[in-house]
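Asker: Sequence:
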Amino acid sequence: MSSGQEKPLVAKPQLSPTCPGHGLAGISESSSPQAQSRHLTAQMQSSLQPLCLSLEKLHQVKNRMLEAMERGLNRRTHAQATVRMLPTFIRATPDGTERGEFLVLELGDTHLRVLLMELSGDTCQTVTVKDRCFPVPDAIAQGPGEKLFAFMATCLCEFLDVLHTRRTDFQLGFSFPFTCKQTRLDQSYLISWSKRFKCPGVEGRDVVELLQNAINKQDRYHIEVIAVVNDTTGTMMSCDAGAGPCEVGLVVDAGTNSCFMAEARHVEVVEESEGRMGVVTEWGSFGDKGALNDVLSPYDQKVDQASLNPGEQRFEKMISGLYLGEIVRHILTELFSGRTTPARLPKGSVETQDILKITDEQVGLAAVRRVLQALGLEASDQDCFSMQQVCSAVCIRAAGLCAAGLAAILSHMCRNRELSRLKTSVAVDGAVFRDHAKFSQTLQQLVKQLAPECDITLVQSEDGSGKGIAMVTAVASRLAAQRLQVNQTLAQLQLSPDALGKVQALLRWEMELGLKKETHAMSSVRMLPTYICATPNGSERGDFLALDLGGTNFRVLLVQVGSREQGGVQIVSEVYSIPPHVAQGPGSQLFDHIVECIADFQTKQGMMGQTLPLGFTFSFPCRQNSLDQGILLSWTKGFNASDCVGQDVVKLLREAVKRKNHFALDVVAIVNDTVGTMMSCGMTTAGVRSASLWARAPTPATWRSCGTWAPCRGRRGRCASTWSGGRSATTAAWTRSSPPSTCRWTRPR
3 MSSGQEKPLV AKPQLSPTCP GHGLAGISES SSPQAQSRHL TAQMQSSLQP
53 LCLSLEKLHQ VKNRMLEAME RGLNRRTHAQ ATVRMLPTFI RATPDGTERG
103 EFLVLELGDT HLRVLLMELS GDTCQTVTVK DRCFPVPDAI AQGPGEKLFA
153 FMATCLCEFL DVLHTRRTDF QLGFSFPFTC KQTRLDQSYL ISWSKRFKCP
203 GVEGRDVVEL LQNAINKQDR YHIEVIAVVN DTTGTMMSCD AGAGPCEVGL
253 VVDAGTNSCF MAEARHVEVV EESEGRMGVV TEWGSFGDKG ALNDVLSPYD
303 QKVDQASLNP GEQRFEKMIS GLYLGEIVRH ILTELFSGRT TPARLPKGSV
353 ETQDILKITD EQVGLAAVRR VLQALGLEAS DQDCFSMQQV CSAVCIRAAG
403 LCAAGLAAIL SHMCRNRELS RLKTSVAVDG AVFRDHAKFS QTLQQLVKQL
453 APECDITLVQ SEDGSGKGIA MVTAVASRLA AQRLQVNQTL AQLQLSPDAL
503 GKVQALLRWE MELGLKKETH AMSSVRMLPT YICATPNGSE RGDFLALDLG
553 GTNFRVLLVQ VGSREQGGVQ IVSEVYSIPP HVAQGPGSQL FDHIVECIAD
603 FQTKQGMMGQ TLPLGFTFSF PCRQNSLDQG ILLSWTKGFN ASDCVGQDVV
653 KLLREAVKRK NHFALDVVAI VNDTVGTMMS CGMTTAGVRS ASLWARAPTP
703 ATWRSCGTWA PCRGRRGRCA STWSGGRSAT TAAWTRSSPP STCRWTRPR
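Residue numbers (our numbering): 3 to 751.
No lab work stands behind these hints: they were computed from the structure. Certain hints may be false.
[Said to hold, decoys possible] Label pairs and their calculated CB-CB ranges:
#, residue 1, residue 2, range
1, Gly-277, Thr-130, 28 to 38 Å
2, Gln-303, Glu-380, 29 to 39 Å
3, Arg-169, Asn-489, 20 to 30 Å
4, Gln-364, Glu-273, 53 to 63 Å
[What the hints assert, rightly or not] Computed list of lysine to any residue pairs in SDA-like fashion (alpha-carbon distance at most 25 Å, straight line):
#, residue 1, residue 2
5, Lys-349, Pro-312
6, Lys-359, Ser-299
7, Lys-606, Tyr-578
8, Lys-291, Thr-181
9, Lys-219, His-113
10, Lys-359, Gln-462
Where a beta carbon is used, it is the ideal one built from N, C-alpha and C, also for glycine.
Using the sequences plus the hints, can you model the full thing?
Answerer: Right under this line is the structure:
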C-alpha cells in the first residue's frame, strides 16, 4: 500500500465453516420446539455472522499487518504508523549462561508482581523464584502517576521486608506493558496508556526515572533499575535456550502484544545496522486508522465506545481478555432480548475467565448454567448450549486475528533473512492462550495456513515474563560491570579542560620555537617547510605517477586529471608489500625495491617507455630544501633502512632508477602525507588552510606566512609547513603546474 493511511477493504457478507450455526433457545415459550429451533438457528447465525472470518479475509488482515509493520520500521513513516515497531535495544536472546540474583517488578492489568529470581547459569539453567502479588486498585490505576510509582516502590520494599534478607543492594528489571519509546535499555518514555490504566502526568516521561525516584524516596534499600522491558519481550526471553532458537514473543492476556528479533538494518529508527534488534510491534493499535473497518462487528463498536480510550487499540479490543467478556455480553443481550435487558447484564457481568471455562468441552455446559443463573436467568439446556457457541465464536475469531498478526511477523522475518523456510519457536504467555485449549489449537493451525513457509513451535512461557526479564537484567548487569571497568581504566587517559589548555599553550610555544631560526634546532616541534605555496585551482590536467610510502605497504598510482565533463580525477593503483627485511635492511635495497614495484606497475599498465611527472609521498620527517629535495631526519613506523638518514631521499630514488636502468623518472615533488591530505581537499574546497592525518602518526600541516618563518623569511606569500608531515594520489593535482625545482611557488598574502 503506497499511502501512509491504512485502507480497509469493502465488507462482503460471507459464511465460514468455522462459524457455529446451531440453534438458540426460543424467545416465545409457546412456540413448538421445531419452530423454536428453526427461528433461533436463524437468529444465532444472524448474531454471529459478523464474527465469522474466512481464510481469505485473514490473509487480507495479514497483508495489512505487514504493510503497517513496514511503516513502523521506516524512518519516514514511523511517526504516523499505527503499529509502532519500537526497538528494545536487546541484541540477542539468552544462551543459558546468565546467572545471579535479581529483582523483577511486573506491572499487570490487575496486579503488581514482585519477584526475586536466582539464575543458576549452568547447562540446565534452573531458576529459583520467590514472588508476591499485590492487587492494583482502580484508585491507583487511574490516579496520579506519582501515586502509581510510589505504590510500586512501597510494594517492592514490603516484599523484601518479608524475606528478611540481609542484602540491601539489588539490581532490578522492570516489566512495563504499555506503549513506550525506548532510547536505551534503562530509559523508556511512555507514549500512551491502555487497558484500564489512565494515570495523568506520566505520558511523555521516562518511567525508569519515575520508578527510580520513587524507590529512592523509600530510603530503605539500594535498588538500581537497570533495565525496562515490555512484558512481551520478557516472554520471548524466558523461553528455554535448550529448546532451540526462540525469536518471537506473544502475549494474549488482559492485553495483547508481540515482539521478535528483527534484522537491525531494517529498523531504520535506530542507528544500529549489524546483527539483530528486538522489536516490540505494539500491534494492539493496528486498525486505529481504519484497516479493520470491514472486520469490526457492531459488538466491537459498542465495546470501543464504552472503553476508556474510544477509537484506540482496536486490534487489542478484538483479541485480549479484558474485552472478550464484553463482546460476549453484548451478543447475549441481543440474543436474549425479551428475556433480559442491559440492566440485567451490566458491564463486567461476563468475565473472560467465565468464557474460558464455558468453552471447555468437558465442563463447559455446567459452567454456562452457573454463569446464567448468577445473572438471574433461568437457563435451559438449549440456553447453555447457545451461550457456549457464542463464547466459542468470540474466541475462535480472536485466535484467527492473532494468527494473522503472528503470520505477518513470521513472513516478515523469513523474507528479510532471505530464507526459503524459517524455523523458530514462539514463546506465548497469557491466560487467553494458557487456559483455552481451543484458542491455542486454532492459533497453531491457522498460522500454518497463513504462513506456510514457516515452521513454528508454540512454547508456553516459563514463569510468565519474569524469567525473561531476569535474563535481560542479568545481561544488562554484566554489561554494566564491564562498562564500569572500562571507564575506570580509561579514566587515567581523560584530560580536564585545564590540562588541555596547558597542552595547547606548550604546543604553541614549541611551534613558535620551531619557526625561529635561532631556536629551530632545539624545538621538539620541527615546523618543517614544504615549499608548497599554493593549493590547486582546478585547472590542472594531465597524466601523473604518484608514490605512497609510509607503512608496511607501498602504493603506486596512475592519476589522470581531467575536467568534470571528462570524468574528473581517475585513479588506477596497486599495492606492493615491503617485507621487514627490506624496511630494515640497507637503504639501497629499499629504494631498489621501490623502483622494481614502479617498473612492474608501468609494465602492467602498458606504460614502459613513457616519462610522466611523479609526486612522491614520503611519510617520514624530512627537512626540505626545495620542492624536489627532502633530507631524511629520522625513520619512524618500523622503518630503519641504513645509510638513509641525512640523505636526500629523491636523490636516493633517482640513483636506484639508474642502477635498475629500467626507465627515466621525472620526480617533480616530494610531499609529506599530511600535506597531500590538505591538497586533496584544495581540489574541491576553497579556503582549505590546514590538515591533520592520524592514520599512522599524528602529523598536521598548515599554511604560514613566509614573512614569519625563519627558513623562508623575506619571501612574499604563504608556504605550507608540517610539524615533522595526503595521500600520494593528490600530489598529481599540483605536480603538473609546478615550476622548476629551483623556484618556489608563492602567492600574494
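Asker: Quick one, are Lys-359 and Gln-462 close enough, alpha carbons at most 25 Å?
Answerer: holds, 19 Å
Asker: May I ask you to test the hint 53 to 63 Å on the CB atoms belonging to Gln-364 and Glu-273?
Answerer: holds, 54 Å
Asker: Under the criterion that the straight-line Cα-Cα distance not exceed 25 Å, is the pair Lys-606, Tyr-578 satisfied?
Answerer: holds, 13 Å
Asker: Next pair to validate is Lys-359 with Ser-299; report whether the Cα-Cα distance is within 25 Å.
Answerer: With Cα atoms ~24 Å apart, Lys-359 and Ser-299 stay inside 25 Å; holds.
Asker: So if I understand the rule, the pair passes when the alpha-carbon distance is 25 Å or less; does Lys-349 with Pro-312 pass?
Answerer: Holds, because 16 Å separates the two Cα atoms, which is no more than 25 Å.
Asker: I want to verify a distance hint. Is the separation of the beta carbons of Gly-277 and Thr-130 within 28 to 38 Å?
Answerer: Hint holds: Cβ distance 32 Å, inside 28 to 38 Å.
Asker: Taking 20 to 30 Å as the hint, is the beta-carbon distance of Arg-169 and Asn-489 inside that range?
Answerer: holds, 25 Å
Asker: Within a Cα-Cα threshold of 25 Å, do Lys-219 and His-113 meet the stated pairing?
Answerer: Measuring from Cα to Cα gives roughly 22 Å; hence the hint holds.
Asker: Quick one: are Gln-303 and Glu-380 within 29 to 39 Å, going by C-beta?
Answerer: holds, 30 Å
Asker: Are the Cα positions of Lys-291 and Thr-181 separated by 25 Å at most?
Answerer: Status holds; Cα separation ~17 Å.
The structure shown violates none of the earlier numbered hints.
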